[in-house]
Each structure stands twice: as structure tokens, then as C-alpha cells.
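There are 2 protein chains.
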Amino acid sequence: MGIVVQKYGGSSVADAEAIKRVARRIVETKKDGNQVVVVVSAMGDTTDELIDLANQVSPLPPARELDMLLTAGERISMAVLAMAIHDLGHEARSFTGSQAGVITDAEHGRAKIIDVTPGRIQAAIDEGAIAIVAGFQGVSQTTKDITTLGRGGSDTTAVALAVALAADVCEIYSDVDGIFTADPRIEPRARKVPRISYEETLEMAAQGANILHLRCVEYARRYDMPIHVRSSFSEKEGTWVVKSQDVAVPDNQGENAMEAAIITGVAHDRSQAKITVVGVPDKPGEAAAIFRAVADAQINIDMIVQNVSAAATSLTDVSFTLPRGEGQTAMAALSKLQTSVGFETLQYDDSVGKVSIVGAGMSSSPGISARFFEALSDAGVNIEMISTSEIRVSVVVSETQVEDAVRAAHAAFDLGSDEVEAVVYGGTGR
Amino acid sequence: MGIVVQKYGGSSVADAEAIKRVARRIVETKKDGNQVVVVVSAMGDTTDELIDLANQVSPLPPARELDMLLTAGERISMAVLAMAIHDLGHEARSFTGSQAGVITDAEHGRAKIIDVTPGRIQAAIDEGAIAIVAGFQGVSQTTKDITTLGRGGSDTTAVALAVALAADVCEIYSDVDGIFTADPRIEPRARKVPRISYEETLEMAAQGANILHLRCVEYARRYDMPIHVRSSFSEKEGTWVVKSQDVAVPDNQGENAMEAAIITGVAHDRSQAKITVVGVPDKPGEAAAIFRAVADAQINIDMIVQNVSAAATSLTDVSFTLPRGEGQTAMAALSKLQTSVGFETLQYDDSVGKVSIVGAGMSSSPGISARFFEALSDAGVNIEMISTSEIRVSVVVSETQVEDAVRAAHAAFDLGSDEVEAVVYGGTGR
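Chains as they are written, first to last, in the working numbering: chain A, 1214 to 1643; chain B, 1214 to 1643.
Keep in mind that the hints were calculated from the coordinates and are not lab data. Incorrect hints may appear among the rest.
As the list claims (entries may be wrong) - Quick look at which bits of chain B chain A covers, simulated, 3 or more residues with Cβ under 8 angstroms:
| id | region |
| --- | --- |
| 1 | 1228–1237 |
| 2 | 1262–1272 |
| 3 | 1275–1284 |
| 4 | 1295–1301 |
In this text, a Cβ means the ideal position worked out from N, Cα and C, and glycines have one as well.
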């Protein structure tokens, strides 16, 4: 008998009917002979509604109290889910993050897990009950106050509990069948990836594929906990996220190691903007001044490109990408530098998108970048910026050309299946 | 500097605006030089909405999970109230029942407080913060599970915390100005009682006056904690509930001990029904069989009257009152006894009401009952049943005559003021 940890997101428990369906799936897993621990998010839009309520009384609510408020969301969903399981004739007990032993630091709103002491959870499943645990929350080791892990923290709760309980697998349920070679809304021939490495998943997530949170994948990688990403709306196998040595094992679709693709998938991201600092004097310290100002404004930048300076003027242009929501803050911070740095103008462009190819195979396959850029060129897509890592090549293009670029890359690396998969992608779950 | 415990009910924190108003009042109390601990109920109809949600997944949800669910209500209100206080520039920290040290037995849904260990509350107020505590909830000493104290439990939480903190006073806020000599909606000349003993308050509450829960008054009496019942919608003094020796102290309205009224107030209750078992053989054991059947059905009966048997038949009638909601259960339980006990028929009447006069002074004043019954007779009110205690006389009358009976009793004992007080009774709070 193994231990299975399952995590259900807000769209899987959006209302009473959804909760009943999830309850039936949990009971099936239990009947299959497993000990089952379930991590659950708040129902549907509960978290947003609670934030609205907070903003009605305070424009900047204290973080400790915001955590206390938001944790009411999972308290509701986990208790109702336990009731629904009980109604199916099985015992279920709900536990808060604190009761489940999720010990964190005291950074309200973005607490990090320090330790997991799941004594009560282990006792519950040993007594034959199904344990339901509130995702996203914990308790501070020092202050004993209730903390939250930040958005997407429920995935991390699930993996951390799976590790602490030495579970066989951590199943992450959403309304998507798994991880795809591209967003099926853009590329209908996108294929579900049966197995993918932690590293590739991290790159896909970082490059905009809305699959799993980085933190949860990093946690799973550190402790080698297999994650099974699957849909709560179907019985199909999803995508297994495992260590890279295990990716090439023959999977249940009959593929084998020798046929493993060089490229695993194409990710895209429309949440970025591009700022260009035009006419920067090409001398030491200027770029440093620019990026110091941006960093001091607490802005995370992604890609940076500096042109070769024109010989006649000794002036250069520096471009970088950043999250759109932080664009105006960065522009304001940079404007103050105009005199001291002596640049000419600032350009702001939020009509850009990023397209990335990700795959562990590319590190041993020369010519990947060339094939990618040629495919984009053939599709008439203009490349504005480029960045690369060991297992990724990313380009910034005009937002209007993002979809063409995704399809061109997908075709260039033979990622597609012959048939269009029946996909529920961002679909019926909410 | 004293410690003040304030309790605000659901109607006082029904929405963001109400919470802001309560926050201002709390801050005023703090500015007056007090250490302030606030106990809060769930916002408005939250508890009922959560019960609805539970019933959507399970007709009979497990009590442990129902407690987990319902305690989300106070979690929300206390966090938002703390934010509103923070927004006024004062520090406030919210605490669950468990964090506040409210230790209970394991009877989910109706847990009793075993101990209160308010170390974190004391620390918070010693550091200058305002402590906000979730009412109605605690944590089981044995199972460590979250428990609730049952409806009205927030009042009990407040008094228990006040006792544990050795507070100067426990203020219970609602949308009513205090305890009145009668329901002002029925008797506009009803007067706010400045002081009343625990015992009289218990009788008033037990007889239908919707003021304070019995448990909370019993707790306050046991530990001699003064309760100040007042409105969150006005600055007026309310009613002080104190030990009987302190009632006759001259109060702030200039009355003194020698003028203390014999009768403190008139209570009425329209929630009862009357069952009459007609034609019971007048022999030993018959009444016992009847009331054993009712008790076995977990029904609380209130008043009992047995007529003298008619000499010709040796048959008697037995009547008793009980909560209307339990009427059909009792009728079903009694029907099964018809053959064994041999009574003739059962009569059920839910058009009855109970009117009571309450006052510590009556025990030393003869003729009180007579004056009460004469007043009812003069008003044309027919008395169906009578019961008395040391400090109370109650009658059951037709529901249509309840208001006439209240007014007649109020006038007979000179309870009214000359002026109609400005009363908000069941008013703007919800």
C-alpha cells in the first residue's frame, strides 16, 4: 500500500458539484488500495473576494492579518470536501496548515517552508482516514502566527507533504490534461508530453507555460519526488515530472529512449514589456547605473540586449524585458537618471511576447538555435531579442507574431501528433 | 489602566462600513487609557451561508468538519476588523480561539469551555496592541481539533476571556441600547434598566427576553464579572449586569436603593407550543410514562400543568409547553403511548405565548402574583397555565393576547418611564 498525495486547485473545487466530483475521485484512489492525503486550494474566486473585502477597509492591510483572512478560504474548501467524502461513506479529516505541521518562516504573504512535521496526517491515514490539508498556508516557527506561501503555494504544500510522508507520488490536478508541447489553444496539434524532467519543467514554467509553480518543481527536484500533472476532469494519464535520468524510460505510449525528442516543448509568454534606453554613452559604469536604478525599484528584469555602439557617436542602445505590471515604475526610475547617465530617450513597448523552445536534448545537438531562427524567418517573424540557457532558446517578438512563432517552432522540431488531442485547456473547470 | 473586553455580534460587523464604525469605537476605548480585547462574531449571515454550503454536499455533515467550516466565519471578521483598526493608525492582532487559549471539551457544535490560557492575548495587550479574538470557537483539550461553542457562544467567549484576564468589565454590544423593562416594540414606555442582577437576567433570558445567552450570564455570575450590555450604534450607557448586592447601589440616573422596583421587567416568549394529553387515567406512573417518552426524544419541556381529575371518571388532563420546533417530534413520541397509557387524545396548540414578570424584589413582597393576575383579568387576558420561581411569575396565554398581557403587567407594576426612550431595537444593525 502506497501513499498518494493529491492536490486540487481552485477550479477543481469551484462549487458544491465540483467538490462532489473531486470527492468521488479521491474515494476511487483510496479504494485502489492507497493511503490518500489531499491538498486543496480555496474554492474558485474565494481568495480574490477576500482580498476585495480587505481593500474595503484598508488600502494596505497588514500582512499578518491578510494571511489570517486568506487562510479562511482553504478552511472552507477543505471542510466541505471532507463532508463530501464522508457523504460517500468514507472517513475524512481536514487539517489546517498548522495542524498538518507545515512550519514556515515569518514572511507573511510569501513564507518559505522550513520544516514539515506531519504527525497528525500520518496518524490519520494510519487509522484509515483520508487526510485533507489546507494548501498555501503554514505557521511561523518563531511567532506562531499563521502564514501564507504566496500564490501557487498549494502546489508547494502538496510536494512538501509528499516528501515528508515519503509518498510514492504527488498528483497535481487542474483543468488541463498535462504538460503539452505547446499551448493547444494556439497549436491544435500540440501533444501531451508523457514524461519531462524537473529542469525542463522549470524552464517551461519560467518562460511562461502556465503549468506548475517554480517553487514546487524546485522542491520536488531537490527531494526527487515524482509529480504527476493531470486533469480532474478525465481519467487519462497526465504528464510525469521526474528526474532527467528517468525521462527516457519507455513510457506507456510505446515511445522509447532512442526516439526522445531533442526539444520537449514550446513556451510563450505575453506578460512582458520591453524598455529601450536609447543613446547611452558607451563607457564603463553606464549600464551598471541603469540596472542599479531598476533593481532599487524592486523590479525583476528578464532579458537584456546591448547593441554594438555606432562608431561615429560612441552611443549604444540598451534594451531589457520586464513584467508589464512593473513597466511604469521602471520608466519613472529611469527618467530620473537621464541627466546623470546622459542617455537620449526611453522607449516603452508592451506589445511584445516571448517564445521559447525547451529541451534537455539540445545541449548535445548542435544547430538547434539555427533551425529555430530559420523557422521563424520562414514564417515571417522578426526577432527583437534573443537569450539562451543550457536547455532553452528564447526570442522576443512582436505580440502579434507570438502565435505564428509558436506554430513555426512546433513544426520545425516535429513536436506535433497526427491527431488533435481532446484537450480541456483552461476549460470547463471554472 | 484597566482591561476592557468588548464583544461585537454579527449585526455590528455585517459589512465593511459596519466594521469601520466598530473599529473607531474600539480605538476610542483604547485612547481612553484602556487595554482592549475584542471578541467578534462572524459577519452578518456568514454562518448561515456556510451551513447552506455544507448542506449542498452532505445532508448530515460530520460535526468535526462543520466546526472546521463555521470557524472560517470569525476568522474573516476578526482579520478584517484588525485591518480596519490598523487603518486608523493603531496596532491590532487577531487570534483564533485556539491561539487565544480557549480550551474546550471535544463536543463538536456545543463544546464547553474547560480552561482559558490567554498568554498570547496578555502579551499582545502588554505590548500596546489591541487583541481581536474569534468568538464562538475553541480547541479540544484531548483531540486538538477545532470546536465551536454553539450559537451565542461568542458572548461566552467574551466573558470567559474577561474572567481569565481579570478584566474590569465585559461589554456586550448589539443593536439594542440595553435591557428594557419590556420589549419596546410592544410597550413604547418601556424603560432601560440601569442595573440588573445576574439572577434576574437569567430569568429574563430563560423566559424569552432576547438579551444575553444563559451560558454567558451563568459564567459571569460564577466569577462575578460585570457585564455591560450596550448598543454599538450609540454612546449611551447601557445596562449593567452585576451581582444582586450591587444592583441597589444608586445609579447614574439618580435612582437609589430605596426606590428599587419590586419587578425589574416583563419578558415574553412566542417560541413555545402547548401539548395537552387528554383523558389520562389518574393513577401512579402514568405521568412518569408520558414525560419519560418526551425526555427520551431529547425534548426540553418548560411548564407542566395537571388538572384535578374529574371525580366521575378518574381521568385527568396533562398539559406542558415545549419549543415549537420540537412539537411534531413530541407528538409522534406520545402517539406511540396511547394504548399503553390509555389516554383519550392529544391536543397540539402552537398559538400560545408566555408572559413573565421578573424581579428579585418579589420574594419579599407578598401579593405580586395576585396583582399580576388581576391586571391580566382587567385587560381581558385569559390565563391558560401558570408557573413560578423565587423571582418570577409566568403565565401561558393565547398568542393573540401576548402584547396586551405585556402592556397590562408593565402598567400594573409602574415600570414605565414618562417619556418614550429613543430606542433602536432590532433596528439598523442588519
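Now for the hints, and whether the structure bears them out:
1. 1228–1237: holds (count 4)
2. 1262–1272: holds (count 7)
3. 1275–1284: holds (count 7)
4. 1295–1301: Holds, because 5 residues of the region 1295–1301 of chain B bring their Cβ atoms closer than 8 angstroms to Cβ atoms of chain A.
Comparing the model with each numbered hint stated earlier shows that all of them hold.
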